[in-house]
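For the protein sequence lines, the chains are P and Z, in the order given.
Just so we're aligned: the first sequence equals residues 1 to 502 in the numbering used here.
Just so we're aligned: the second sequence equals residues 503 to 949 in the numbering used here.
There could be a bad hint or two in this list.
Said to hold, decoys possible - One-sided excerpt, in silico: chain Z residues whose CB lies under 10 Å from chain P:
no.	residue
1	Val551
2	Phe554
3	Ala556
4	Thr752
5	Glu753
6	Ala755
7	Ile812
8	Gly820
9	Gly823
10	Val827
11	Thr847
12	Tyr853
13	Thr880
14	Val891
15	Arg896
By construction, these hints were calculated from the structure, which means they are not laboratory data.
Note that CB positions come from ideal geometry on N, CA and C, so glycine has one too.
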Amino acid sequence: MNRQIRRLGLGLIVCFAALFIRLNQLQVFGAEALETHPINTRSIIEDFGQARGDIITADGVVVATSVEVDGQIERARQYPTGELHAHVTGWYAFNLGASGVERTYNDQLAGNENPVPVTRILDLLGPGDRSADVHLTIRDDIQRAARDALGDRRGSVVALDPSSGAVLAMWSWPSYDPNQLSTLDFDAAQTAWANLTTDAENPLLARTYREIYAPGSTFKVVTAAAGLASGRIGPTSPVFADIADYVAPLTDRPLANFGGAPCGGNLAEVLARSCNTAFAELGAELLGPELMIGTAEGFGFNSAPPIDLPDGVASRFPSDFGAELGVSDLDPRVPLVENTPALAQSSIGQFEVAATPLQMALVAGAVANGGEILAPHTVAEVIADDGELVERAEPTQWQRAMRPEVAETMRELMVGVVTNGTAQSLRIDGLEVGAKTGTAQTITDGPTDDTHAWIIAFAGTPGQPATAAVAVIVEAVPGAGQQTGGSVAAPVALEVLQTMFR
Amino acid sequence: MRRPRTGLQLAGRRRRNTELFLVIVGAAITVVAYVLASLGRFSSIPADVGPFGAFVLGLVGIAHLANRVLAPHADQVLLPIAGLLNGIGWVFIARLDEDLAALQFTWTMLGVIAYVVTLFIVRRSRLLESYRYTFLLGGVLLLLLPLTPVLGQTVNGSRIWVAIGPINFQPGEFAKIALAIFFAAYLVDNRELLSVANFKFGPISLPDPRHLGPLLLAWAASLMVMVLERDLGSSLLFFTLFLVVVWVATERATYLVTGMILFAAGSLVSWRLFSHVQVRIDAWLDPWSDPRGSGFQVIEAAFGIASGGITGQGPGLGDPGRVPVAETDFIFATISEELGLLGGTAVLMAYLLMIGSGLRIAIRSERAFPKLLAVGLTTLLGFQAFIIVAGVIRLLPLTGVTLPFVSYGGSSLLANYVLLALLIRISDEVAERGLDVPVPEPVGATR
């Protein structure tokens, strides 16, 4: 019998060894596959119930916070200001993921990687709360001003500090209430999600940095900068002819000024009065495709600005205008290409040129900041529960759009647009303001009168570097006809700038 | 205590001292686990740490004292391991459900009392041998009890519970021990007869049906009852017990082989016939096909265990409550999740050590009855642990047996303490015969 007993012992050892091997399979070799299995909601629920830091604006308003609730999931994410900061904070929801700052700063908010201050040995053994608060550069008061000024109209407002890259306001309408998505009533959240994603107005889209529009005349700042940088034009000469429309080489379709009126003068004058004919000629026949593309890309076109929000979109400037066919009559250095007519249109911010409001704000900022574009960011600092600084945003250069001398000239020119040009409604006592208006024809299939109203501007204390740059677009309303930058967009920018300097 | 006078007594004293040391270590581990679990869940040290530690030490100390008085030569490892398993199990039950933990504490106290009482009543294993038919009758009656109309309860599709007044218990847990005693006793008498093949049935030689008969009948009746009660785990365990004890007793591998064939045939038939068996097998082979229904438990357990990794999430820091019946059938998933591969392996090692001790006791036993009984009891303990862990980690289909000493469950805990007491009793007898004690050097003492 003893022999059998020994064999029994062996058999049991084999059985338990099989258990051990299987455990290894579950916990070592196959663990990752199980943890990332699509129906494994463990880590989602665990993450979801964890302590999570607040998101706070620069002026101390809490725009996202976690409150403790009873139930399997212990915390609910709430957004006290609702739709006001929705496009910046994003939402943080069960089964609907996260967007905005909630997504890009998820690790810091959840405390996944923040260093643990071990003040007591017990901190090592307990769950530990390492969540940190995210402090935005966004100011609630400026965001409110933007919203109130824009009102019911579809459009976007971007306000930033060009000397640091800090974004002070990013508002676009329509917006949405992230509380509807973060609610723990998951059925309601799903319904809200379905409604929001099928809404034709697309309220979830943060148009400020994710939608592109024809910039229209605001793009002339880029064209002018290209001209000055190349040395082919100066602020006072050449003088552009006072003409009502311009016909580009290789085409016979005329390109008209606003209202069909004649427009001309030196660079300062044509910028102040926003002459299409002058800039079309400048881009097509005095500069040529390479200089235009180079300058546009120097301002950041064709790359997405490195903003700390997800899924940013690049603004577009066509990078190919066709093969060379000859040289320009006005300047033999300038090639004529197959699509010179398109180049002419591009030089006034039409054809296929399309920009995000953020990009255009950065253009204004480049002029205000000596030609240097700093990386835009919405987060200033991340501070842990115990007050310790986890990280701080430092200004970093994104693009060198112009040399400082060119930027200085552009600055004077844009100030001229406010003192005696199309942006006179933007005059503010005690501030030096430079701007450029735009009235962009919408990119549609057929001709239409409906236009986007644009304005880009910078402002600062006279003699000091400018600390504010703004871009406003009020989108075209189908059938409503023309709305000009100076009359429609400028009042919004005025409100915002005044709030910024209050 | 009198000073040990013989080498035997000296050896026994040494064993008990080792046992005391191990018991204290086990209690300390339990208390530390309790503190860690509380830190993990509430970030605070539990207020009742002191009294808790005292209670744990007190309970296992009483059992240890019983050993000193009633079974001084017994194996020194069995009780400490059982106590440790009980303690760790309790910590995790407490971490999951404080009400159940309070109940489990009561059951532990009753278990220790049952342990002491069993040791006291059963002074010699021969006592059990002489009551073999009583145990057979008792065992079968206990098995049949849940099927009675008034007292029996159907719970979760199986009918294994009995309610008498306010008390609910599972008589099947005790029936297994009773029938193990019966089998051991019967085989002692008839093992030679059963080893010899008298009856030719084609190519298979079988022993005389007169002798095989009653055994088969008892086994078949018990199995039928278990099948009627839909207690698959117990059926499997019981079948294994029977097979192993007969094989060891007769030393004939034919029984083992025939038994396995019969088992395979029986499984196939029951799979064809019974939907509840099909559901279990399907959930075992492919739980992903019904992840919210029959596969849910096993899948959630797998996710939980995987999240434990090698070192575990830490006591109190995981989310084991997501797995259904985490305190009973799936307690091992809870431990694996929070203590990781290291913790789970430690638990498996604990059972292996108990099995090793039990089989060692069996081997060293000269007489047949204690030998076979030790084999039977160790088989019950070891295979039950194997079956439920295998079910939880999906090595085998899931069955409803408990993890001995660890799972929540009064009947299971009590029955296992009785089982432990019987093993200790046999161990004491075996050691007392002086056969496993090395001849000591005389320490200059004279009689």
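Double-check Z:Val827 for me: the hint is only fine if its C-beta lies closer than 10 Å to a C-beta in chain P. 17 Å, violated
Does Z:Gly820 meet its interface restraint, that is, does its C-beta lie within less than 10 Å of any C-beta in chain P? OK, holds: Z:Gly820 within 10 Å of chain P, min 9 Å.
Going by Cβ atoms only, is Z:Ala556 closer than 10 Å to chain P? 23 Å, violated
Supplied contact hint for Z:Glu753, tested at 10 Å Cβ to chain P: Status holds, d = 6 Å.
Let me know if the C-beta of Z:Arg896 comes in closer than 10 Å to any C-beta of chain P, holds or violated. 8 Å, holds
Does the interface hint hold: is Z:Ala755 within less than 10 Å of chain P, judged Cβ to Cβ? OK, holds: Z:Ala755 within 10 Å of chain P, min 9 Å.
Would the stated hint for Z:Thr847 survive a check requiring a Cβ distance to chain P of less than 10 Å? 6 Å, holds
Minimum beta-carbon distance criterion (10 Å), Z:Thr752 to chain P: 9 Å, holds
Please check whether Z:Val551 passes as an interface residue: C-beta within 10 Å of a C-beta belonging to chain P. 14 Å, violated
Against chain P, run the beta carbon of Z:Phe554 and see if the smallest gap drops under 10 Å. 18 Å, violated
Under 10 Å is the threshold here; is the Cβ of Z:Thr880 close enough to any Cβ of chain P for the hint to stand? 8 Å, holds
Per-residue hint verdict: Z:Ile812, partner chain P, C-beta under 10 Å: 6 Å, holds
Hint compliance for this structure: hints 1, 2, 3, 10 are broken, all remaining hints hold.
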